[in-house]
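Top to bottom, those sequences are chains A and B. For the first sequence, my numbering gives the first residue as 402, with consecutive numbering after it. For the second sequence, my numbering gives the first residue as 402, with consecutive numbering after it.
Hints are computed from structural coordinates only; laboratory data are not their basis. Accuracy of the hints is not assured; some may be wrong.
For identical chains, the list gives no copy identity; a pair is met inside one copy or between any two copies.
Below are the EDC-like pairs computed for lysine to aspartate or glutamate, each with C-alpha atoms no more than 20 Å apart in a straight line [stated by the list, open to error]: (1) K549 - E421; (2) K511 - D493; (3) K469 - E480; (4) K500 - E486; (5) K469 - E449; (6) K549 - D431; (7) K538 - E525; (8) K414 - D545.
Predicted model, so just to flag it, every value in this text is computed and none were measured.
Protein chains: 2
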Amino acid sequence: METYNLQDDSYLKVLRPLVEAYQAIFEVGDRHIRSMGLTPAQFDVIAELWGTDGLTAVELSQSTLLAKASLTGIIDRLESKGLVERHAVPRDRRSMNVKLTKAGIALHRKCFPAQAKMMRPYFERALSQHDVNVLQKLLVRLRDSCRKR
Amino acid sequence: METYNLQDDSYLKVLRPLVEAYQAIFEVGDRHIRSMGLTPAQFDVIAELWGTDGLTAVELSQSTLLAKASLTGIIDRLESKGLVERHAVPRDRRSMNVKLTKAGIALHRKCFPAQAKMMRPYFERALSQHDVNVLQKLLVRLRDSCRKR
DNA sequence: TATTGTTATACTCTATAACTATA
DNA sequence: TATAGTTATAGAGTATAACAATA
Numbered sequence: 402m403e404t405y406n407l408q409d410d411s412y413l414k415v416l417r418p419l420v421e422a423y424q425a426i427f428e429v430g431d432r433h434i435r436s437m438g439l440t441p442a443q444f445d446v447i448a449e450l451w452g453t454d455g456l457t458a459v460e461l462s463q464s465t466l467l468a469k470a471s472l473t474g475i476i477d478r479l480e481s482k483g484l485v486e487r488h489a490v491p492r493d494r495r496s497m498n499v500k501l502t503k504a505g506i507a508l509h510r511k512c513f514p515a516q517a518k519m520m521r522p523y524f525e526r527a528l529s530q531h532d533v534n535v536l537q538k539l540l541v542r543l544r545d546s547c548r549k550r
Numbered sequence: 402m403e404t405y406n407l408q409d410d411s412y413l414k415v416l417r418p419l420v421e422a423y424q425a426i427f428e429v430g431d432r433h434i435r436s437m438g439l440t441p442a443q444f445d446v447i448a449e450l451w452g453t454d455g456l457t458a459v460e461l462s463q464s465t466l467l468a469k470a471s472l473t474g475i476i477d478r479l480e481s482k483g484l485v486e487r488h489a490v491p492r493d494r495r496s497m498n499v500k501l502t503k504a505g506i507a508l509h510r511k512c513f514p515a516q517a518k519m520m521r522p523y524f525e526r527a528l529s530q531h532d533v534n535v536l537q538k539l540l541v542r543l544r545d546s547c548r549k550r
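The task is simple: from the sequences and hints, build the whole structure.
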């Protein structure tokens, strides 16, 4: 079988474990989100709304990188679950302010620490405090490099 | 704004940079895959088939974690693009052997080094050879921990 | 004219259940 | 009976284009 002569390439040495680690972690988190009856896209919107006083569809579109027409359905489903509300914006009657309800806030408050509590042991049994600091530093460097053109 | 008292949690210190690094890398890769007219799920299947002499639907189902009924459609679309072929298995007439065509092999061959060539500088300017080895080791440990129950 | 959000439409992913052909 | 794959069905995500209301 053909190879690409990339064995001495640092790129692949890091990329593959990074992808696999991400996927292993994500699988756990994903199951948790779905067990609450949410999809990842719906949870993304809740996370974006968290800590704000509401966002418009255009603002959500920018932060989630979704088309605004795609958001309509996602917001519909969150609204039908009672987790967000649409409010009129007095200043601009074209806009809607999308805001977490009390139930939405409660769900996030319940979900987030539960997720952390569940995931923490997987991290702690694998990494020392020193490992954590090193890993964080290297990942931030890599992230920033990939973000910059 | 409320906080969760998780500042001293190694979990978040690593998780956030890991997710952000993954997303920064994959924004580039995802665009590349879609520019070839493929979806991530389709490319996953191609990547699983690469280097094999063909796999059955059940084997693909296991490696991609998709329901076998979901794979039917994905394989259909790859087949209609001429990238994979279904072959009968003489030993067991219930099974299908799904295999990359020449075009599928060519696509992977074209895509993969192009991706590597594009991504490599982002890695190399951020990490020394020593960094690469450390990062790889820590990510593998984390991955394995998250995979194990 | 330009912008905000929705509708209309279409495609893909994904799952479960029922079915068929085989083993 | 059990297994491999497909079909049927359904829900969700995603995009583009067209539209109504408003700016």
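Please list, smallest to largest, the hint numbers that this structure does not respect. 2
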